[in-house]
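Enquirer: Residue numbers (this note's numbering): 30 to 369.
To be clear, the hints were calculated from the coordinates, so they are not data collected in a lab. A portion of the hints provided could be inaccurate.
Below are the BS3-like pairs computed for lysine-lysine, each with C-alpha atoms no more than 27 Å apart in a straight line [to be verified]:
1) 212 to 247
2) 347 to 369
3) 184 to 206
4) 212 to 184
5) 347 to 317
6) 247 to 206
Listed next, with one range per pair, are the computed distances between beta-carbon atoms [as the list claims (entries may be wrong)]:
7) 196 to 256: 28 to 34 Å
8) 358 to 244: 40 to 46 Å
9) 171 to 126: 56 to 62 Å
10) 330 to 247: 28 to 34 Å
11) 346 to 255: 30 to 36 Å
12) 259 to 191: 25 to 31 Å
13) 255 to 187: 41 to 47 Å
14) 213 to 124: 19 to 25 Å
15) 216 to 244: 31 to 37 Å
16) 196 to 140: 19 to 25 Å
17) 191 to 139: 24 to 30 Å
18) 365 to 297: 19 to 25 Å
Given the structure is predicted, the values throughout are model-derived calculations rather than measurements. Note that CB positions come from ideal geometry on N, CA and C, so glycine has one too.
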Amino acid sequence: MTERPSAPPPNRRRASTPVPAAPPGRAASARGSKPEPVAPVRAPKNARVRAATPSSHESPAPPATSVSVRPPRPPVKGGSPKETRPARPMSRHFRALQLLAGAAVVLIASTAVAWGARRYIVSSPRFAVRTVLVDGVQRRTAEQVASSGGIEVGKNIFTLDLELASASISTDPWIEKATVIRKLPSTIHVSVVEREAQALVAIGGDLYLATRDGELFKELAEDDPVDLPIVTGITGEQVARDRAGVVIAVRRLLDVVEDMERAGLARRYPIQELHVERDGSVVITIGKEGIALHLGQPPYRDKVGQAARVLTELAQRKASASVIFLDNDAHPERVVVRMK
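Generate coordinates for the entire structure from the input sequences, incorporating the hints supplied.
Expert: Structural data, given as structure tokens:
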């Protein structure tokens, strides 16, 4: 019994693909004649074509395409420009080292430039000292001031330590303050403030010069002034025990001298001696007659004015006094005069 190919199911549209011919042996045995070739049926243009659904006894068709995977190529030794590995990000430590290296290079270059510039300015004859100007000196000469400060003509102006020169000049007891400055290219200017002696202070058997502030700054020498009021009554033990108190006492006495000059007494009766008693009271000796004014305890300004009025009245009477007592603090209006 010969099998025939099954007819297509009803209500289904034939596929546009050609139907495969039956095997030659089987077709010949069935009909006994040579099979005729079947022309393929072409689908109309722009017509929708559905694929034929395979029957249950037919195997599915293989997929249209296949994907092949190539194994990766081994890395080429030495690498090539086209196949280079991606660069790794630069580490933080490496960048810090680069920055430090750059900074070191800049520092070395700057140091070399500075060293060269310094070598030039300390060796160039353009910056040699040619002029030394000194202002404010009376007790010392300009040469003495320059020598005490180590300032030499011909020496390089930049090798001079200005602060050290000022301190060295200020070691002179007559010089209270010294300021040294450079004026490029070759001038040194020294400005000096000298101390001014206002009194002689007798301590023990020695005399010391004192400023208006009461500072004892030097012992009396041969070339020092001597036409000054003399302060007596201060001991060496007082200076050693309370130097600040001694300075205050001398300043207070010089305040009295200033009050007497303001009242006109110092011109008519030059001040000879200012004596400090043990209790701190003050006795002033004035004039060629050696009149003693007992002022007692401070304040002294009103007492000095009262002494000026008493001496004026005595001069009008052509009387001469030896002692005037102005130390009655309980009754300051009372004045006792001891006549010669």
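Enquirer: Compare the structure with each hint and give your call.
Expert: Hints and how they fare:
1. 212 to 247: Not OK: residue 212 and residue 247 at ~33 Å, beyond 27 Å, violated.
2. 347 to 369: 12 Å, holds
3. 184 to 206: Holds, because 24 Å separates the two Cα atoms, which is no more than 27 Å.
4. 212 to 184: 14 Å, holds
5. 347 to 317: Holds, at roughly 15 Å.
6. 247 to 206: Distance ~15 Å between residue 247 and residue 206 Cα, so the pair holds.
7. 196 to 256: 28 to 34 Å: 32 Å, holds
8. 358 to 244: 40 to 46 Å: 30 Å, violated
9. 171 to 126: 56 to 62 Å: Once the Cβ atoms are compared, 60 Å apart, the range 56 to 62 Å for residue 126 and residue 171 holds.
10. 330 to 247: 28 to 34 Å: Because 30 Å falls inside the window, the suggested range holds.
11. 346 to 255: 30 to 36 Å: 35 Å, holds
12. 259 to 191: 25 to 31 Å: For residue 191 against residue 259, whose Cβ atoms are near 40 Å apart, the range 25 to 31 Å is violated.
13. 255 to 187: 41 to 47 Å: Holds - the Cβ-Cβ distance for residue 255 and residue 187, about 45 Å, lies within 41 to 47 Å.
14. 213 to 124: 19 to 25 Å: 45 Å, violated
15. 216 to 244: 31 to 37 Å: 33 Å, holds
16. 196 to 140: 19 to 25 Å: Check failed, 31 Å falls outside 19 to 25 Å.
17. 191 to 139: 24 to 30 Å: Taking Cβ atoms as reference, residue 191 and residue 139 lie about 25 Å apart, which means the hint holds.
18. 365 to 297: 19 to 25 Å: 21 Å, holds
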